[in-house]
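So the chains spell out like this:
There are 2 protein chains.
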Amino acid sequence: MGRIDMHAVASAAGVSQSTVSRVLHRPELVRPQTRELVYDAIERLGYEYNSVAADFNRQKSSIIGLIVFTARSSIHADLIDGVQEELQGTRYSLVIGNSRYDAATERELIRLFGQRRLSGVIVAETTDENRDELWHLERAGVPTVVTWEMTEDKSCHCVGIDNYKASYDMTQYLVRLGHRGIALIAGRYDRIERVRHRYQGFCDALRDSGLPLESGLVVGTTPSVVDGRDAMYRILAGNKVPSAVFAASDALAMGAISALRDSGYSVPDDVSVCGFDDIDMAPFITPALTTVSVPGYEMGKQAAASVMRLAESKQEGEIRVCLPTRVVERDSCQDVNRAGC
Amino acid sequence: MGRIDMHAVASAAGVSQSTVSRVLHRPELVRPQTRELVYDAIERLGYEYNSVAADFNRQKSSIIGLIVFTARSSIHADLIDGVQEELQGTRYSLVIGNSRYDAATERELIRLFGQRRLSGVIVAETTDENRDELWHLERAGVPTVVTWEMTEDKSCHCVGIDNYKASYDMTQYLVRLGHRGIALIAGRYDRIERVRHRYQGFCDALRDSGLPLESGLVVGTTPSVVDGRDAMYRILAGNKVPSAVFAASDALAMGAISALRDSGYSVPDDVSVCGFDDIDMAPFITPALTTVSVPGYEMGKQAAASVMRLAESKQEGEIRVCLPTRVVERDSCQDVNRAGC
DNA sequence: CTGAAAGCGCTTACAG
DNA sequence: CTGAAAGCGCTTACAG
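Order-wise, the sequence lines are chains C and V.
Residue numbering for the first sequence is 1 to 341, as defined by the working numbering.
Residue numbering for the second sequence is 1 to 341, as defined by the working numbering.
Source of the hints: derived by calculation from the structure; they are not laboratory data.
From the three backbone atoms N, C-alpha and C, an ideal C-beta is built for every residue, glycine too.
Among the hints, a few may not be true.
To be verified - To give an idea of the chain C side of the interface with chain V (calculated C-beta under 7 Å), a few residues:
id, residue
1, Ile42
2, Glu43
3, Arg44
4, Leu45
5, Val52
6, Ala53
7, Ile96
8, Asn98
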């Protein structure tokens with residue numbers, strides 16, 4: 001008797017296949033009586049809708065893609081959660097690609113996403129390497145939303161934060177606490193746009209405070225806890241011990257704290273440390289981490305909502321949403337003015 | 001001129017569409033000269049392969065599904081990373097569904113996965129609620145691999161760990177250190193099979209050591225840091241302060257440590273705490289966390305490899321892989337024998 | 001080594 | 001309110 005497709009259901013219900021399709025998608029267009037016939041047949045035959053066929057017919061898959069550098073970094077977890085929350089109950093599914101900091105892998109991923117005719121793509125970071133391919137996707141009719149930053153390219157859709165300002169504000173906060181030798185453990189500011197913005201914010205805040213940028217106190221690295229520890233050791237190996245360390249993520253900050261402690265420095269009495277992200281654990285480590293809170297969940301929700309609107313052509317022009325960040329004061333940074341002499 | 005499909009490429013190259021398809025999938029079957037003609041045409045026209053159409057034709061999408069309870073829990077990050085590593089370079093993509101601890105959402109997810117005709121599904125946990133649907137998927141021809149546990153149902157494919165033994169071993173370790181009043185902060189052992197196994201391991205280890213199971217010292221909860229803190233407060237509100245706390249995840253352990261500290265107890269001097277998972281940060285918090293290490297990345301890799309083998313019918317019978325775990329001793333558990341009198 | 005042809009299971013105007 | 005028909009772009013035997 002072959003597979004149970006819409007045609008089989010139609011036969012069993014004594015209607016046409018078009019009607020079955022209509023019952024599934026626009027039941028209000030079908031007479032209630034006919035509708036019931038179809039529902040009965042579906043139930044009886046155990047019919048299961050085939051979205052692959054539907055996607056094929058529509059020439060577009062009902063899948064949204066998300067590209068991150070690594071699934072291991074907890075900063076993406078909130079974003080993913082928000083995206084999924086927003087997709088929940090819609091006909092869209094989420095595929096997640098992991099570029100593992102490799103430009104070739106990322107290109108390959110974007111190529112695969114293109115072949116899959118995704119409805120839209122959310123990208124966790126723009127780099128000098130992926131800009132072209134993203135643009136290519138967008139032109140091929142796949143709407144692309146960048147997160148975590150406000151892109152320099154004003155024609156990109158983005159739902160992000162002002163990394164420059166967030167970093168500037170945190171640096172100024174450290175300065176206000178009386179810190180003069182401030183180190184920066186950053187991500188790869190040579191490649192990733194948002195990291196570059198944070199680096200700029202840091203530099204400008206120092207400059208505006210009349211403080212010099214000391215190259216021995218700035219190090220760029222990948223974002224794991226171990227990387228943070230290694231970076232801190234590298235800084236300590238220099239000829240100047242900083243009075244405060246601004247780490248570009250909470251994971252890096254935890255690594256830095258560990259390195260400082262193992263080197264005999266107390267945090268925050270000897271050296272202050274702050275992070276970026278405000279992850280779950282930030283309030284619970286010792287000392288409770290002063291950091292920049294970022295609305296990752298909200299960002300995910302809005303990015304997903306945006307990409308769906310774009311996919312359904314419900315949106316004209318660019319979407320550019322800037323979400324607020326703020327410095328969360330906890331215990332890992334000391335007020336040197338007060339503590340000193 | 002219409003869309004650029006295989007037919008257009010075929011025309012441009014002066015060959016048939018079958019040949020174009022062959023060049024893409026089995027180039028070794030085509031004369032090198034013809035092959036070049038096709039490659040040229042592809043390049044010239046900017047042809048982009050349509051995997052939606054291919055999936056439709058094959059009556060199966062080249063997508064693997066992964067179901068987790070929450071993307072927020074860092075224990076899944078390593079697993080996801082391993083899965084993606086293994087899928088990298090194959091024709092499979094990964095869709096991730098988030099059941100947010102809700103049985104109805106999970107059922108809905110599994111239903112959607114069925115409609116998408118996935119090649120296979122990896123499930124992060126079996127519960128009393130999802131067992132039936134998973135079985136339904138499997139019978140519908142969608143191979144399903146369960147992770148994080150060895151299922152009681154011997155006909156399930158699984159790549160997991162022995163939760164009973166891992167938990168038994170850790171509990172015995174605490175007993176050997178001289179602890180007698182041992183509390184357990186567990187996950188939802190009323191629902192999740194692997195959590196139940198851990199609970200059993202804990203109970204049996206106490207019994208085998210001649211220690212009573214004290215109900216005031218056992219609490220089940222959801223797995224965030226905050227939940228761990230709340231659970232610890234609940235235990236402390238009872239009439240007995242435990243000498244050691246076994247938390248079912250490192251996140252829960254961090255919450256417990258925070259609660260103990262805020263209640264005036266020193267860890268590990270007054271109360272020992274251990275976790276489960278061995279996340280990135282475990283060695284770097286204070287005190288460095290004693291925990292059970294779980295090969296999440298390896299589990300992801302093997303689960304993905306298994307589901308692909310199953311999807312391609314390269315595997316007969318059940319796949320049941322049990323990966324090793326081990327107690328990682330660090331600084332958060334005190335040897336009471338030595339420290340005491 | 002290459003081509004002609006059937007068919008995968010839907011959706012979508014269009015006609016009635 | 002319902003049905004007939006075309007078509008989405010591939011893959012896969014099969015024939016030559």
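Using 7 Å as the Cβ threshold, decide whether Ala53(C) counts as touching chain V.
Given a least distance of 6 Å, the restraint on Ala53(C) holds.
Is the shortest C-beta separation between Ile96(C) and chain V less than 7 Å?
Given a least distance of 5 Å, the restraint on Ile96(C) holds.
Does Asn98(C) pass the interface check with chain V, least Cβ-Cβ distance below 7 Å?
holds (4 Å)
Can you verify the interface hint for Ile42(C): is its Cβ closer than 7 Å to any Cβ in chain V?
violated (13 Å)
Against chain V, run the beta carbon of Glu43(C) and see if the smallest gap drops under 7 Å.
violated (14 Å)
Return the status of the interface hint for Val52(C): holds when the least beta-carbon distance to chain V is below 7 Å, violated otherwise.
OK, holds: Val52(C) within 7 Å of chain V, min 5 Å.
Would the stated hint for Leu45(C) survive a check requiring a Cβ distance to chain V of less than 7 Å?
violated (14 Å)
Double-check Arg44(C) for me: the hint is only fine if its C-beta lies closer than 7 Å to a C-beta in chain V.
Result: violated, 17 Å to nearest chain V Cβ.
Checked against the numbered hints above, the structure breaks hints 1, 2, 3 and 4 and satisfies the rest.
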